[in-house]
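Just so you know, the protein sequences line up as chains A, B and C, in that order.
Under this note's numbering, the residues of the first sequence are numbered 1 to 352, in order.
Under this note's numbering, the residues of the second sequence are numbered 1 to 394, in order.
Under this note's numbering, the residues of the third sequence are numbered 1 to 251, in order.
No lab work stands behind these hints, which were simulated from the structure alone.
Some hints here could point you the wrong way.
[Said to hold, decoys possible] Mimicking BS3-like on lysine-lysine, the simulated pairs with C-alpha atoms at most 30 Å apart in a straight line are: (1) A:262 / C:141; (2) C:163 / A:262; (3) C:79 / A:262.
These numbers were taken from a predicted model, which means no experiment stands behind them.
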Amino acid sequence: MSVGLTRALRWTRANLFNTPLNGTLTVVIAFLLLRFLSPMIDWAVLRASLSARDDRACAAVGGACWAFIRDWFRFLIFGRYPYAQQWRPAIVLVIFVALLLASFSRRLPARRLAPAWLGGLGAVALLMRGGVLGMPYVETGLWNGLPLTLILAAGGLGASFPLALLLALGRRSSLPALRVICTCYIEAARGIPFIAWLFLMLVLLPLFLPPGLVIAKLWRAEIAFALFIAAYLAEVVRGGLQAIPRGQYEAADALGLGYAQKTLRVILPQALALTIPAQVNTFIGAFKDTALISIIGLFDVLQDTNTALNDPAWRMAYVEGYLFTGVIYFAFCYSMSLYSRGLERHLGQGRR
Amino acid sequence: MAHDRSRRRRDLGRPAPWNDARLRSLGLQAAVFILLLALAAYLAGNAAANLSRQGIATGFDFLGREASFAIATTLIRYSPADSYARALLVGLLNTLLVSALGIALATLLGLAVGLARLSRNWLLSRLALVYVELLRNTPLLLQIFLWWDLLRLAAPPPRTAWRPLPGVFVSVRGVYFPVPVYQPLYLWMGVALAGGVAAATGLRVWVRRARAGRPPLPAWIGFALVPLPPLAVFLAGGAPHLLDVPHVTRFDFSGGQSITPEFAALLAALVAYTAAFIGEIVRGGILAVSRGQSEAAAALGLTRGQALRLVVLPQAIRVIVPPLTSEYLNLAKNSSLAIAVGFPELFAVTDTIANQTGQSIETMTLVASAYLAISLTISLLMNLYNRSAALVER
Amino acid sequence: MGSGVQDRPMIELRHVYKWFGAQAVLSDVSLAVARGGRVVVCGPSGAGKSTMIRCINRLEDHQQGEIFVDGMELTADVKQIEAIRREVGMVFQQFNLFPHLTVLENLTLAPIRVRRMSRREAEDLAMLHLERVRIPEQAGKYPAQLSGGQQQRVAIARALCMKPQVMLFDEPTSALDPEMIKEVLDVMLELAQSGMTMICVTHEMGFAREMADMLVFMDRGEVIETAPPDLFFTAPRNERTRLFLGQILRR
Ligand SMILES: Nc1ncnc2c1ncn2[C@@H]1O[C@H](COP(=O)(O)OP(=O)(O)OP(=O)(O)O)[C@@H](O)[C@H]1O
Ligand SMILES: [Mg+2]
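All chains, full assembly: derive it from the sequences and hints.
What follows is the structure, given as structure tokens:
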């Protein structure tokens with residue numbers, strides 16, 4: 001007991017009061033923290049209301065309006081998906097979380113990962129769309145909320161991957177024409193803000209399609225998203241390609257492997273493995289970027305929150321609303337970044 | 001005889017055209033090119049058909065027409081009677097304004113965050129970590145919405161405005177802050193500043209040429225050349241200064257400068273968000289060099305401060321600048337999210353014009369090119385910097 | 001004359017030139033290696049030894065002159081290059097094993113993908129050659145888990161799995177610690193005794209004396225002297241050869 005106490009004291013001295021400056025700093029920060037944390041806890045927990053009827057009732061108590069979340073919970077998560085059918089997007093969420101966990105825990109060998117995600121996405125589309133197995137058909141305009149965010153992110157990333165590989169290889173190709181084309185595309189996509197790209201694609205895509213062919217807005221956004229992310233992912237892959245020593249190319253050449261075999265069997269596997277952390281960071285950025293589709297009128301989680309906050313009864317519950325949605329985003333992004341950092345450490349050890 | 005045989009072999013060895021490596025590569029490139037051309041032609045054909053069917057006008061004639069919409073924040077004179085082109089210019093200037101302010105503030109905050117992350121004070125470094133993780137792992141757009149609602153729904157009316165700093169007021173009407181009143185002398189101070197920069201640059205070039213091989217002049221001589229001339233002019237002119245401080249009237253403020261709640265929300269969100277990334281870059285840069293290098297410096301007898309100043313920071317800067325530049329680029333591009341709160345920067349203005357004229361293709365192409373130009377300019381500058389840094393290294 | 005397959009040189013370079021920019025890296029290099037011939041190439045650093053043997057399997061292209069491998073000329077003909085690379089195995093100074101593949105996979109990759117062997121066949125072949133270089137027990141490991149000498153022996157086995165007619169070695173032992181050099185040289189000696197045509201860049205003069213039937217001395221892109229080992233070591237004709245030998249044998 002007293003050993004623990006001594007150790008705690010020693011830790012405190014070493015980490016909080018090691019110099020006079022640090023000591024003062026600690027006191028000031030601790031004071032400020034207390035000053036701000038206690039009203040915050042007061043607001044978030046002690047005075048919070050789970051049963052209020054509207055934001056004015058909460059304001060009267062001076063606490064957080066979690067009642068808003070309770071009231072609008074299903075809408076915040078699933079949006080306007082038909083209420084009675086919301087078990088379907090619920091299963092979709094379970095599928096996504098399972099796939100993510102399986103990928104991160106590396107239960108699935110890398111070889112199985114792509115088919116698993118493809119199969120998962122197929123099941124997701126089937127569940128959301130319905131029209132088979134007695135499930136009523138639901139149009140894509142009603143695919144809302146968190147499932148939409150995840151579909152956009154996963155589908156967009158999946159579709160962007162092959163394109164990114166081609167772009168990266170093209171940019172490092174020995175053929176000048178290919179190199180120029182790929183470089184131009186990559187630099188153009190990376191130089192334009194995503195929201196401008198999204199608008200541009202949304203107006204251009206229908207224009208470029210043969211007259212009479214109409215693609216749902218969701219899929220247009222998905223295509224625009226994939227085309228955009230591909231440029232960023234291509235740069236990540238290119239970094240990996242550049243890190244492969246020349247001897248690897250030469251050994252493959254000397255063995256008589258052709259370009260395709262050399263690339264697929266020797267170079268790409270190494271370049272991709274090397275850049276997994278950077279890829280995951282790109283995924284995190286892409287996941288956050290899906291929020292921008294709320295601006296073009298698709299109902300992702302963020303747009304669901306904005307819509308719910310338009311309810312006059314809860315207009316002032318915006319902090320609660322955005323906190324709730326923020327926690328959802330945070331959960332996904334932070335777990336991905338933890339995974340990436342763990343992997344980075346693992347890779348770093350392997351190299352030493 | 002032997003000679004004969006070799007000639008025969010060579011003839012045998014002449015490749016068929018489709019097996020010739022050079023022809024192959026040419027053919028492949030031509031094929032890709034033709035494929036792209038065909039695709040472009042097909043798309044263009046579709047576009048032409050669609051456009052004529054929907055009866056949409058094309059071309060950039062609309063740029064000269066009257067804009068007939070008002071813009072709340074303008075750096076140059078603008079009225080709804082001005083042309084669309086001028087409205088676009090107003091938007092572009094606003095983009096540059098937000099970007100410049102955002103970059104400056106985010107760099108300061110980011111530097112603070114990065115150093116705090118490295119602090120040996122546990123509480124401070126943890127606090128910085130929480131800040132970084134919270135801001136990095138949630139969408140910027142969500143943060144913008146939150147800031148905006150805070151500023152328009154939670155902020156008090158002018159009479160009870162928050163005063164985070166003396167002379168600064170935050171209310172539903174926006175943020176008001178003091179500005180110096182213009183004095184004629186400022187013009188001369190500007191001239192003196194330009195002269196100082198020129199002198200410092202000249203000195204640097206001269207030092208490199210003339211003193212090569214000899215110990216370099218201390219860096220502070222160069223740095224001192226920049227602020228000293230304007231300061232001297234200021235003091236010689238009698239040090240005139242006047243602050244225009246805002247004050248509360250019955251329902252509003254008068255005096256000072258103000259920015260709209262939209263502008264404030266956008267700027268705050270951009271700064272807070274980008275600072276989290278910059279903080280990590282700064283920390284990474286310092287960590288990347290510090291270990292072995294500061295040990296080596298210590299072994300040479302340098303103090304901790306000297307080691308940081310003379311050994312670690314100069315090297316860290318080299319590691320920091322490239323990712324920092326791309327963070328600046330991100331900030332500039334992210335400023336287009338202003339459209340979500342209606343701050344009239346380039347993209348929001350463009351969107352308004354697209355809605356009014358229906359010419360989304362032209363307007364969106366314009367805005368994309370403008371951002372592309374900004375991005376390419378920044379990348380170009382960064383590449384130049386990198387090249388010079390690489391030269392110094394050798 | 002009965003110009004049968006047997007008396008045609010396995011490898012022949014005729015007046016080969018190569019420039020990097022303005023610098024001539026190979027100038028007027030001519031060399032003929034008979035079937036079963038064992039050539040050791042030596043010379044000071046930067047002489048163009050690597051460049052010369054890398055030209056033989058088109059890792060570099062020459063700009064003037066002719067190179068024949070097994071009667072096929074090296075030109076821009078892609079099919080021809082593929083055919084020649086199938087016949088020529090190469091071992092690098094830095095091993096260049098594929099780090100993401102196991103030893104066995106390193107060995108079977110090319111036989112399966114290029115020679116279109118079945119997996120069974122390729123693995124049997126791989127094990128045969130692993131036994132030949134005396135490390136069959138390492139088949140399941142990754143390259144990073146092996147010592148340098150073992151890695152280089154795997155690299156030799158990998159090249160042999162393509163059943164090449166010619167083996168090129170570019171300083172195969174100079175990245176190795178002294179105690180590992182012998183195990184690699186022993187494998188190469190055995191290979192030489194089995195009748196393989198070999199060109200080997202090395203500064204291991206003891207090994208050269210034992211293995212080579214011809215020595216080539218290069219300097220500044222030129223072949224200065226070509227001689228059988230007993231003459232080369234005892235009575236070099238050229239002054240530069242004598243100087244070089246003096247330096248290298250004293251070490
Ligand atoms: N890719 C290249 N670009 C320009 N010059 C090159 C290149 N590769 C080789 N060289 C030059 O060609 C010359 C011959 O190089 P090479 O590697 O063949 O020499 P070497 O005899 O193998 O030397 P070492 O014993 O050091 O391996 C050197 O002067 C080298 O600088
Ligand atoms: Mg060499």
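Results of checking the hints against the structure:
With a CA separation close to 22 Å, the supplied pair residue 262 of chain A and residue 141 of chain C stays within the 30 Å bound. With a C-alpha separation of about 19 Å, the suggested pairing of residue 163 of chain C with residue 262 of chain A holds against the 30 Å cut-off. Under the criterion of a C-alpha separation no larger than 30 Å, the hint pairing residue 79 of chain C with residue 262 of chain A is consistent with the structure, at around 16 Å.
Of the numbered hints stated above, none is contradicted by the structure.
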